[in-house]
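Colleague: Line by line, the protein sequences are chains A and B.
Residues in the first sequence are numbered consecutively from 1, following the numbering used here.
Residues in the second sequence are numbered consecutively from 194, following the numbering used here.
Some hints here could point you the wrong way.
Stated by the list, open to error - Lysine to aspartate or glutamate pairs mimicking EDC-like chemistry, simulated, CA-CA at most 20 angstroms apart:
(1) B/Lys347 - B/Glu267
(2) A/Lys154 - B/Glu376
(3) B/Lys347 - B/Glu330
(4) A/Lys154 - A/Glu74
(5) B/Lys347 - B/Asp226
(6) B/Lys347 - A/Glu74
Keep in mind that the hints were calculated from the coordinates and are not lab data.
2 protein chains.
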Amino acid sequence: MGFRNFEAQIVAVLATPEPSHFRTEPVDHLQTDLAGIIGDRHHGFTRRAGAREPWYARGTEMRSGRQVSVVAVEELAEIARRLEIPRLEPGWIGANVVVAGVPEFTLLPWGSRLVFGQGAVLVNEGDNAPCRFAGAEIARHFPERPGLDRQFSKAAIHRRGIVASVERAGPIAPGAVTVRVPEQRFWTGGTLL
Amino acid sequence: MGFRNFEAQIVAVLATPEPSHFRTEPVDHLQTDLAGIIGDRHHGFTRRAGAREPWYARGTEMRSGRQVSVVAVEELAEIARRLEIPRLEPGWIGANVVVAGVPEFTLLPWGSRLVFGQGAVLVNEGDNAPCRFAGAEIARHFPERPGLDRQFSKAAIHRRGIVASVERAGPIAPGAVTVRVPEQRFWTGGTLL
Numbered sequence: 001m002g003f004r005n006f007e008a009q010i011v012a013v014l015a016t017p018e019p020s021h022f023r024t025e026p027v028d029h030l031q032t033d034l035a036g037i038i039g040d041r042h043h044g045f046t047r048r049a050g051a052r053e054p055w056y057a058r059g060t061e062m063r064s065g066r067q068v069s070v071v072a073v074e075e076l077a078e079i080a081r082r083l084e085i086p087r088l089e090p091g092w093i094g095a096n097v098v099v100a101g102v103p104e105f106t107l108l109p110w111g112s113r114l115v116f117g118q119g120a121v122l123v124n125e126g127d128n129a130p131c132r133f134a135g136a137e138i139a140r141h142f143p144e145r146p147g148l149d150r151q152f153s154k155a156a157i158h159r160r161g162i163v164a165s166v167e168r169a170g171p172i173a174p175g176a177v178t179v180r181v182p183e184q185r186f187w188t189g190g191t192l193l
Numbered sequence: 194m195g196f197r198n199f200e201a202q203i204v205a206v207l208a209t210p211e212p213s214h215f216r217t218e219p220v221d222h223l224q225t226d227l228a229g230i231i232g233d234r235h236h237g238f239t240r241r242a243g244a245r246e247p248w249y250a251r252g253t254e255m256r257s258g259r260q261v262s263v264v265a266v267e268e269l270a271e272i273a274r275r276l277e278i279p280r281l282e283p284g285w286i287g288a289n290v291v292v293a294g295v296p297e298f299t300l301l302p303w304g305s306r307l308v309f310g311q312g313a314v315l316v317n318e319g320d321n322a323p324c325r326f327a328g329a330e331i332a333r334h335f336p337e338r339p340g341l342d343r344q345f346s347k348a349a350i351h352r353r354g355i356v357a358s359v360e361r362a363g364p365i366a367p368g369a370v371t372v373r374v375p376e377q378r379f380w381t382g383g384t385l386l
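With the rest of the complex left out, here is chain A (with noise of 0.2 angstroms):
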């Protein structure tokens, strides 16, 4: 399959102080290992299921998908207008990892590679769905606005970031990252019903 690359920077990198929330804090650098962050909340090759999961019943032991949460600067600053908010800070809505420099971040294609300059790979797995828990975090910083939580899931849509899995371990800091796009097709086969 053939890739095509371009060049993006990280500003930022936050990890769960608290295993116990998904809320990140910024830190220096990420050190992550083939399951995940080293030490994080989201660490492990499997996880259970949950309600963004309706079709497996709870629980299930399932492959994790989620080890890494990347958002763009661009698309936080977009949903932070929508809902009116001065601003969304990525460690809210429990991002690790925050781009600045690739338009329609959360469109990135699935298996598109973001490979850090300390040597870190990570694997697109798709955009992460908004979710009432982290709309419940934006509006816990602006008790003057009720129902906030669940404004962010329509201002979130295709803007929230993308989930990703680790390919090659290695640290991951603030600089640049170059980002690896697989080739793009339309799969038209077949009737969907």
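Model the placement of chain B on the given structure of chain A, informed by the hints.
Modeller: Okay, now just chain B, sitting in the frame of chain A:
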């Protein structure tokens, strides 16, 4: 993310009888856990980088993404037609699962799910690049056709099936399979170099 479902068939399942060789042979069913097919050569969450990943140092421990090889009976027939050979057995190229009834199977979007009747679910991790080893194994069955190994790579491009990871563990056997295709979008952002 929205999915659309349609129905297809599994016509054969195969496993590696001797883990020293990638060749597979038909079996009644495959037993999977979240690291792949139990007892198979490719079982594991991680693997060593090889010739398919020239961008990694050979031998680097990396995320697998290649637990299971899935091919389509229609595409194998088309490869055989192009190579002018009477048949191409899925075991010769190390396939584990043989699907029928999915047009352009190899082009299914990354992230498509194969949901098997007995509970296993596979995630499409992209098309399987044809390799010389598989070509050599085919050529071994047609000694009167020198050069067949090299011709395979060209004839099989976009027809050699996909690689997949196990999302939910369970047995895989011939019978019905539901293909779940994620919403497809073209990413057009940025100026690709």
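Colleague: Could you run down the list of hints and mark each one as holding or not?
Modeller: Hints, verified against the model:
A C-alpha spacing of about 17 angstroms is found between B/Lys347 and B/Glu267, which places the hinted pair at or below 20 angstroms, so the restraint holds. About 17 angstroms separates the Cα atoms of A/Lys154 and B/Glu376, which keeps this hinted pair within 20 angstroms; it holds. Taken as a hint, the B/Lys347 and B/Glu330 pair is honoured in the structure, with Cα atoms around 15 angstroms apart against an allowance of 20 angstroms. Under the criterion of a C-alpha separation no larger than 20 angstroms, the hint pairing A/Lys154 with A/Glu74 is consistent with the structure, at around 17 angstroms.
Our distance criterion of 20 angstroms between C-alpha atoms is broken by B/Lys347 and B/Asp226, whose separation comes to about 34 angstroms. Only pairs whose Cα atoms come within 20 angstroms are accepted, and B/Lys347 paired with A/Glu74 is rejected, the gap being roughly 42 angstroms.
When each numbered hint is compared with the structure, violations occur for hints 5 and 6.
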